[in-house]
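Chain by chain, the residues:
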Amino acid sequence: NAGVMQNPRHLVRRRGQEARLRCSPMKGHSHVYWYRQLPEEGLKFMVYLQKENIIDESGMPKERFSAEFPKEGPSILRIQQVVRGDSAAYFCASSPPGLSHSGANVLTFGAGSRLTVL
Amino acid sequence: SQKIEQNSEALNIQEGKTATLTCNYTNYSPAYLQWYRQDPGRGPVFLLLIRENEKEKRKERLKVTFDTTLKQSLFHITASQPADSATYLCARGYTGGFKTIFGAGTRLFVKA
Numbered sequence: 047n048a049g050v051m052q053n054p055r056h057l058v059r060r061r062g063q064e065a066r067l068r069c070s071p072m073k074g075h076s077h078v079y080w081y082r083q084l085p086e087e088g089l090k091f092m093v094y095l096q097k098e099n100i101i102d103e104s105g106m107p108k109e110r111f112s113a114e115f116p117k118e119g120p121s122i123l124r125i126q127q128v129v130r131g132d133s134a135a136y137f138c139a140s141s142p143p144g145l146s147h148s149g150a151n152v153l154t155f156g157a158g159s160r161l162t163v164l
Numbered sequence: 345s346q347k348i349e350q351n352s353e354a355l356n357i358q359e360g361k362t363a364t365l366t367c368n369y370t371n372y373s374p375a376y377l378q379w380y381r382q383d384p385g386r387g388p389v390f391l392l393l394i395r396e397n398e399k400e401k402r403k404e405r406l407k408v409t410f411d412t413t414l415k416q417s418l419f420h421i422t423a424s425q426p427a428d429s430a431t432y433l434c435a436r437g438y439t440g441g442f443k444t445i446f447g448a449g450t451r452l453f454v455k456a
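Order-wise, the sequence lines are chains Y and X.
Using this note's numbering, the first residue of the first sequence is number 47, and each one after it goes up by one.
Using this note's numbering, the first residue of the second sequence is number 345, and each one after it goes up by one.
Be aware that one or more of the hints could be misleading.
Said to hold, decoys possible - When the alpha-carbon atoms are kept at most 27 Å apart in a straight line, the in silico DSS-like pairs for lysine-lysine are as follows: (1) Y:108 / Y:90; (2) Y:73 / X:347; (3) X:443 / Y:117; (4) Y:108 / X:403; (5) Y:108 / X:347; (6) X:403 / X:443; (7) Y:90 / X:407; (8) X:443 / Y:90; (9) X:347 / Y:90; (10) Y:90 / X:415.
It is worth saying that the hints were derived from the structure and are not from the lab.
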């Protein structure tokens, strides 16, 4: 029973290039979340998606960043025209379609994708 | 604004002692708080969840408390071991919602 799978684990891009990060949620999970973590900092919420829908993108930068979770295939976080400040670890998490009996939402995280912009 | 805050300074303790980490929240009342562990180079792993109507929750050597008067959750690791060294993250959610917000985390170092 594979957990949340992220790839690539490491990605190096030059300024101005595009970065695409992929996330396959845990089996049976229909909610996907993307977080960004800068060195020595906490996790910053970016976006929450369900299949074919963006539910909450309040943490996503307005420009250059986009996310999708198509009906088939993994969720993708896309960063266009990368800049050095985009260098970070990007974590994907997933959760089941419903909340627990206590009304809580527990996340299962992937190992992260580390983006380095030269 | 709604904030969740953790002590950004690292906590250094001796093996066998109890580690206590603090999570404070302001300007809102979360329905529950969660604690996660993150090791270097890895994603966070869920440890414990405590609801607002629960005073205390335990799991093996871990204990979490929730004080709605102080707007604070405490995370305790008893009989700490070097293997407990990691960053511990506090997170908040709200009943019926899916968005989860994390504190900055507190690094714990347990010395043998």
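Query - Restraint check for residue 108 of chain Y with residue 403 of chain X, where alpha carbons must lie at most 27 Å apart - result: Measuring from Cα to Cα gives roughly 41 Å; hence the hint is violated.
**Report entry** Restraint check for residue 73 of chain Y with residue 347 of chain X, where alpha carbons must lie at most 27 Å apart
**Finding:** With a Cα-Cα distance of about 32 Å, the restraint between residue 73 of chain Y and residue 347 of chain X is violated, given a limit of 27 Å.
Report task. Given the hint that residue 443 of chain X pairs with residue 90 of chain Y, test it: the Cα-Cα distance must not exceed 27 Å. Result -> Within the cut-off at roughly 11 Å; holds.
Query raised in the report: Is the Cα-Cα distance between residue 443 of chain X and residue 117 of chain Y 27 Å or less?
Result: holds, 21 Å
Query raised in the report: Within 27 Å, alpha carbon to alpha carbon, are residue 90 of chain Y and residue 415 of chain X?
Result: Distance of about 22 Å is within 27 Å: holds.
Query raised in the report: Does residue 403 of chain X pair with residue 443 of chain X here, judged by a C-alpha cut-off of 27 Å?
Result: holds, 25 Å
**Report entry** Restraint check for residue 108 of chain Y with residue 90 of chain Y, where alpha carbons must lie at most 27 Å apart
**Finding:** holds, 15 Å
Query raised in the report: Is residue 90 of chain Y within 27 Å of residue 407 of chain X, Cα to Cα?
Result: Holds: residue 90 of chain Y and residue 407 of chain X sit about 26 Å apart, inside 27 Å.
Query raised in the report: Does residue 347 of chain X pair with residue 90 of chain Y here, judged by a C-alpha cut-off of 27 Å?
Result: holds, 13 Å
Report task. Take the C-alpha atoms of residue 108 of chain Y and residue 347 of chain X, compute the straight-line distance between them, and say whether it is at most 27 Å. Result -> Given that 27 Å is the threshold and the Cα spacing comes to 22 Å, the pair holds.
The structure does not agree with the numbered hints 2, 4 stated previously, though it agrees with the rest.
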